[in-house]
Each structure stands twice: as structure tokens, then as C-alpha cells.
Amino acid sequence: MIKKIYLDYNATTPIHPEVLDAMLPYFKNFYGNPSSVHSFGQKTRNAVEDAREKIAKFLGAENPSEIVFTSCGTESNNFAIKGIAFANKDKNCHIITSAIEHHAVLEPCEYLSKKFGVDVTYLPVDKYGIVNPEDIRKSITEKTVLISIMYANNEVGTIQPIEEIAKIAKEKNIIFHTDAVQAAGKISIDVKKLDVDLLSVSGHKLYAPKGIGVLYIKKGTKLHPLLHGGSHEKNKRAGTENVPYIVGLAKACEIAAINIKDENERILKLRQKLEKGILEKIEYVQINGHTMKRLSNTSNISFNFIEGEGILMSLDLDGFAASTGSACTSGTLEPSHVLSAMGVPPEQAQGSVRFSLGHYTTEKDMDKLLEILPKIVERLRSMSPLWEDRIKKVNSLDKG
Amino acid sequence: MQYSSKVMEHFNNPRNVGEITDADGVGNVGNPVCGDIMRLYIKVKDGIIIDAKFKTFGCGAAIATSSMVTEMVKGKSVDEALKISNRAVAEALGGLPPVKMHCSVLAEEALRAAIDDYYKKHPEQKPK
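Chains A and B, in that order, are what the protein sequence lines are.
Our numbering puts the first residue of the first sequence at 27, with every later residue one more than the last.
Our numbering puts the first residue of the second sequence at 486, with every later residue one more than the last.
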């Protein structure tokens with residue numbers, strides 16, 4: 027049996043054992059509905075409010091009531107975007123976002139644009155995947171009600187100038203939302219310092235389970251709920267609270283807060299080793315994304331003349347799990363919209379693989395990967411017509 | 486998405502990878518935007534395809550269908566080879582995920598392009 031090595035932490039993470047331990051009593055013993063008056067309900071209500079406080083602290087929120095629990099990052103993003111658009115439905119509204127957002131932002135924008143005539147501006151990015159804050163300033167009109175720019179990109183890890191963008195939004199009195207699904211747990215977030223109005227978090231990207239998310243809603247921000255029903259979450263999100271998962275997310279945030287600095291340094295070293303090794307051992311590769319302004323765990327690499335899926339399948343046979351672009355878009359055939367927006371040519375984008383490192387990644391894993399990856403690339407190149415053409419071109423140049 | 490064991494087997498051990506330097510027909514299809522490029526070489530003797538080789542830039546299914554189509558045409562007459570459909574290639578591989586059926590279409594197109602090229606180079610062989 028080959029050892030399985032998981033390098034797809036940006037797709038999802040395993041549940042931390044302490045998170046699971048924290049959750050279990052809320053499956054087994056404490057099952058009351060937090061909205062119930064009796065002691066069963068009081069017990070779980072306390073657990074939910076305690077979790078809210080911990081998460082507020084983790085995100086630097088002033089007030090725990092600014093933390094609203096959702097079912098996932100996608101819901102948080104939908105809530106933020108549609109919630110603001112619907113709250114401003116009387117204005118002929120305009121939203122500014124970027125071309126490299128996750129589909130959980132792009133699709134709600136697209137929906138609002140198609141079905142409700144909302145005007146959406148998709149800002150370009152530079153070759154590193156960074157939005158120019160000045161482009162945002164220039165795109166603002168009288169109708170702009172929301173700016174939504176992701177904190178860190180899921181495919182290439184590029185970190186956006188969130189503070190600067192927030193400043194512009196504040197100046198112009200426009201609501202600013204950031205999708206921090208990939209950032210939360212990997213870099214310290216302080217919503218107060220950043221001065222954002224809305225911020226999305228997903229549990230399963232930081233060692234909590236799938237099926238829990240948070241939308242931070244700064245006090246006073248008016249947005250419509252997506253779900254209507256009971257008065258849960260102060261009328262912001264109807265539906266009985268997912269108590270065990272909420273408890274789990276709070277625990278995950280606590281653990282992340284303690285480890286964030288050391289883990290970042292440890293993981294950055296592993297990634298540097300990986301990238302250095304790849305650049306040394308394999309020719310015709312490019313690292314996509316910014317050198318410095320990038321999540322320390324994310325490495326998106328284009329292997330020229332071959333296609334990414336073949337690399338993934340070969341890696342999988344050797345026990346390695348990685349991905350091409352986003353797991354959410356693996357059913358489509360187009361090259362990554364993120365790499366395209368960064369100006370990476372299609373054939374290079376098709377040959378890109380994302381390695382995302384995490385808590386259980388070791389130096390040995392990197393050594394093993396560096397041992398097998400050159401062989402995989404060589405084998406696939408030996409089958410590629412583009413590689414054949416390149417060799418012929420080089421040979422003819424030599425002769426000429 | 487899951488590939489059949491046959492697809493995996495052909496991806497891992499593709500048959501007939503390579504180039505025929507004195508090929509009688511070469512078919513080039515696909516483009517990098519859709520993510521697949523296939524190049525198929527055939528060698529024909531007395532109306533029979535005696536050798537076929539391929540080079541493919543593409544996903545696992547693209548490599549497996551290229552491998553399978555070269556296996557299927559070898560020993561067939563050019564006429565018979567023209568009757569090989571994309572469905573037949575996909576079936577021979579134990580089926581393909583719906584999103585990957587286009588790879589079998591590409592394999593069929595590559596074969597047709599190679600045969601077209603053969604007829605262009607050898608117009609006397611073209612059926613009247």
C-alpha cells in the first residue's frame with residue numbers, strides 16, 4: 027500500500043481531532059434546540075453564544091452579534107451579495123467585483139445581473155492576480171452599493187490589498203465585502219483594523235467540518251436575509267442553529283489563532299523547498315501568483331507542454347492528492363478563469379497544478395513529491411505533440 | 486468523476502506512443518484552449534493500416550482514447566478504419582464520463598484527419 031499524501035488543503039481540510047472532540051457531546055448528549063426555553067435549550071444556546079464570542083474574537087469583531095452562522099462559504103457570499111443588492115433594490119444598483127473571484131461570488135453577481143438588471147463590473151487583475159485599488163476607485167459610480175473583492179485567491183493564493191480597498195470603500199461610503207474563505211485560518215484577520223463591512227468564512231477550510239460558515243456583518247450594515255422563517259440569528263438567517271458544527275468551528279478558530287504564526291512559517295519553508303526543487307529539476311515551469319503577497323501554503327505551477335489532469339491522475343496513482351484550479355470547477359473544460367485573467371496563455375493554464383499544503387504536510391512529503399514529479403512530467407511530455415514540436419524547433423535552430 | 490479501469494490502464498500504459506517519421510498520413514486536431522491536441526500517424530501498405538502512433542496533449546481520457554484508437558485501426562483496411570466511430574472508441578474503453586465524451590470525438594477526428602492526409606498524399610488510393 028502506498029502512503030497517501032494530501033496536498034489539497036485549499037479544497038478542504040480534515041477535521042482537527044480536538045475539533046471533533048469538542049463537537050461530539052453536542053451530537054450525543056446536548057441536543058436541545060437553542061431556541062427552546064428549557065434546560066436542554068439553555069445548554070445549547072450557551073454553547074452557540076460562547077462559540078459566537080470566540081469567533082468574534084478570532085476575526086477581531088467588536089461585538090459577537092456581528093457573527094452570523096451560515097451553512098457554508100457559498101451561502102455567506104450569496105448572503106452578502108444578494109442581501110446588499112436586495113436591500114438596495116430601489117436604487118438601480120451597481121456592484122464592483124473582480125474577474126478572479128470564486129464562483130460563489132461570480133455566480134450570484136451573474137444572477138443579479140441577469141434576473142434583476144444589477145450592473146456588475148468585473149475588474150481585471152495584473153499578472154500576479156492582484157486587483158489595482160485605483161481601478162476600484164475609477165469604477166465607482168453613484169449607483170455603486172457594494173464592492174466585493176476576495177481576501178486571498180483559492181487557486182493561486184494571491185493576497186489582495188484589502189485594507190486599501192476598504193479605505194476607498196469607506197471614503198465613498200460603499201459597503202465592502204471580502205470573501206475570506208481561503209484566508210481565514212491561514213493569515214490573521216482583524217475586521218476592525220481592515221475596516222470591512224462583510225466577510226465570509228468557511229469552516230472546512232480551517233479544520234472544522236463541511237457545512238458551517240460565517241458571515242461577519244458589521245453592526246449597522248443593512249442587508250436582506252436569504253432564508254426566511256424563525257427569528258434565528260437576530261432575524262438575519264432563519265433555521266435552527268447547527269450546534270455541533272458551530273461549536274466545532276469555534277474550536278477550530280481557537281486552534282488556528284494559537285498556531286497561525288508558527289504554522290505559516292513551517293508551511294512556507296516546505297513550499298519554498300517544493301518550488302525550489304521543481305524549478306531545479308524540471309524545465310519549462312512557471313509559478314503562478316505573487317512571490318510575496320501569497321498564502322504561504324499555496325503553490326500553483328504550470329508545467330508547459332502537458333495538461334494538468336494527466337499530472338493529477340499520475341500523482342494520484344503515486345498517492346498524492348493535488349488539483350487543477352478549483353475543485354468546484356473540475357467538471358468544466360475551460361482553462362481556469364483565474365489564470366486566464368492573469369494573462370496566462372491557455373496551453374500554459376491547462377498545464378497548471380495547485381499544491382496546497384497544510385497541517386499534516388511534512389518535509390518528507392515534499393522530498394517524495396520532488397522525487398516522483400519530474401518522472402511524471404517527463405512521461406507526459408514524451409507523449410505530447412507540443413513537446414515534440416519544441417524539440418524539433420530546438421534541433422532545427424541548433425542546425426541552423 | 487471516475488474513469489473506468491480500462492481508461493486508467495490505457496492512461497498508464499498507453500499503446501503506440503510516438504511518431505512515424507515516414508508516415509503515410511498525419512492527423513492533427515484540437516487546440517490548447519479546449520485542452521486537447523491529438524496527432525495521429527498512420528503507415529499504410531496495400532490499403533491496410535500496418536502501423537499507427539500518436540502524440541497527445543490532453544487529459545487522461547484524451548490519452549486513453551488516442552491509445553485505444555491506434556490499437557483499433559492497426560490491421561484494418563483504410564475503409565474499415567473510416568467506419569470507427571467515437572462511440573466505438575469510448576465503448577472499447579469501458580465507457581467515458583459524459584464530460585469526457587468529446588475526447589472520443591477528437592480521437593475519431595484525428596483518425597479521419599490522418600486518413601484524409603493519406604488520401605491527399607496518395608490520391609490514387611482514394612476510392613472513386
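Check each hint, because a few of them may be wrong.
What the hints assert, rightly or not - Restricting the straight-line Cα-Cα distance to at most 30 Å, the calculated cross-link-like pairs of lysine-lysine (BS3-like) are: (1) Lys-605/B to Lys-528/B; (2) Lys-418/A to Lys-613/B; (3) Lys-236/A to Lys-169/A; (4) Lys-295/A to Lys-262/A; (5) Lys-29/A to Lys-611/B; (6) Lys-605/B to Lys-419/A; (7) Lys-491/B to Lys-611/B; (8) Lys-419/A to Lys-491/B; (9) Lys-418/A to Lys-530/B; (10) Lys-153/A to Lys-115/A; (11) Lys-530/B to Lys-401/A; (12) Lys-236/A to Lys-262/A; (13) Lys-219/A to Lys-307/A; (14) Lys-606/B to Lys-425/A; (15) Lys-418/A to Lys-606/B; (16) Lys-418/A to Lys-390/A; (17) Lys-198/A to Lys-307/A; (18) Lys-491/B to Lys-394/A; (19) Lys-262/A to Lys-30/A; (20) Lys-319/A to Lys-83/A; (21) Lys-611/B to Lys-419/A; (22) Lys-115/A to Lys-140/A; (23) Lys-491/B to Lys-401/A; (24) Lys-568/B to Lys-418/A; (25) Lys-287/A to Lys-218/A; (26) Lys-196/A to Lys-319/A; (27) Lys-164/A to Lys-236/A; (28) Lys-538/B to Lys-425/A; (29) Lys-419/A to Lys-528/B; (30) Lys-528/B to Lys-425/A; (31) Lys-611/B to Lys-30/A; (32) Lys-401/A to Lys-606/B; (33) Lys-299/A to Lys-319/A; (34) Lys-30/A to Lys-491/B; (35) Lys-83/A to Lys-244/A; (36) Lys-307/A to Lys-140/A; (37) Lys-244/A to Lys-196/A.
Simulated from the structure, these hints should not be mistaken for lab results.
Verification of the hints:
| no. | hint | in the structure |
| --- | --- | --- |
| 1 | Lys-605/B to Lys-528/B | holds (14 Å) |
| 2 | Lys-418/A to Lys-613/B | violated (37 Å) |
| 3 | Lys-236/A to Lys-169/A | violated (36 Å) |
| 4 | Lys-295/A to Lys-262/A | violated (42 Å) |
| 5 | Lys-29/A to Lys-611/B | violated (55 Å) |
| 6 | Lys-605/B to Lys-419/A | holds (26 Å) |
| 7 | Lys-491/B to Lys-611/B | violated (35 Å) |
| 8 | Lys-419/A to Lys-491/B | violated (35 Å) |
| 9 | Lys-418/A to Lys-530/B | holds (27 Å) |
| 10 | Lys-153/A to Lys-115/A | violated (35 Å) |
| 11 | Lys-530/B to Lys-401/A | violated (36 Å) |
| 12 | Lys-236/A to Lys-262/A | holds (21 Å) |
| 13 | Lys-219/A to Lys-307/A | violated (43 Å) |
| 14 | Lys-606/B to Lys-425/A | holds (28 Å) |
| 15 | Lys-418/A to Lys-606/B | holds (23 Å) |
| 16 | Lys-418/A to Lys-390/A | violated (38 Å) |
| 17 | Lys-198/A to Lys-307/A | violated (50 Å) |
| 18 | Lys-491/B to Lys-394/A | holds (28 Å) |
| 19 | Lys-262/A to Lys-30/A | violated (42 Å) |
| 20 | Lys-319/A to Lys-83/A | holds (25 Å) |
| 21 | Lys-611/B to Lys-419/A | violated (33 Å) |
| 22 | Lys-115/A to Lys-140/A | holds (14 Å) |
| 23 | Lys-491/B to Lys-401/A | holds (23 Å) |
| 24 | Lys-568/B to Lys-418/A | violated (33 Å) |
| 25 | Lys-287/A to Lys-218/A | holds (20 Å) |
| 26 | Lys-196/A to Lys-319/A | holds (23 Å) |
| 27 | Lys-164/A to Lys-236/A | violated (38 Å) |
| 28 | Lys-538/B to Lys-425/A | holds (27 Å) |
| 29 | Lys-419/A to Lys-528/B | holds (24 Å) |
| 30 | Lys-528/B to Lys-425/A | holds (28 Å) |
| 31 | Lys-611/B to Lys-30/A | violated (54 Å) |
| 32 | Lys-401/A to Lys-606/B | violated (38 Å) |
| 33 | Lys-299/A to Lys-319/A | holds (18 Å) |
| 34 | Lys-30/A to Lys-491/B | holds (23 Å) |
| 35 | Lys-83/A to Lys-244/A | holds (14 Å) |
| 36 | Lys-307/A to Lys-140/A | violated (48 Å) |
| 37 | Lys-244/A to Lys-196/A | holds (13 Å) |
The structure fails to meet hints 2, 3, 4, 5, 7, 8, 10, 11, 13, 16, 17, 19, 21, 24, 27, 31, 32 and 36 from the earlier list, while all remaining hints are met.
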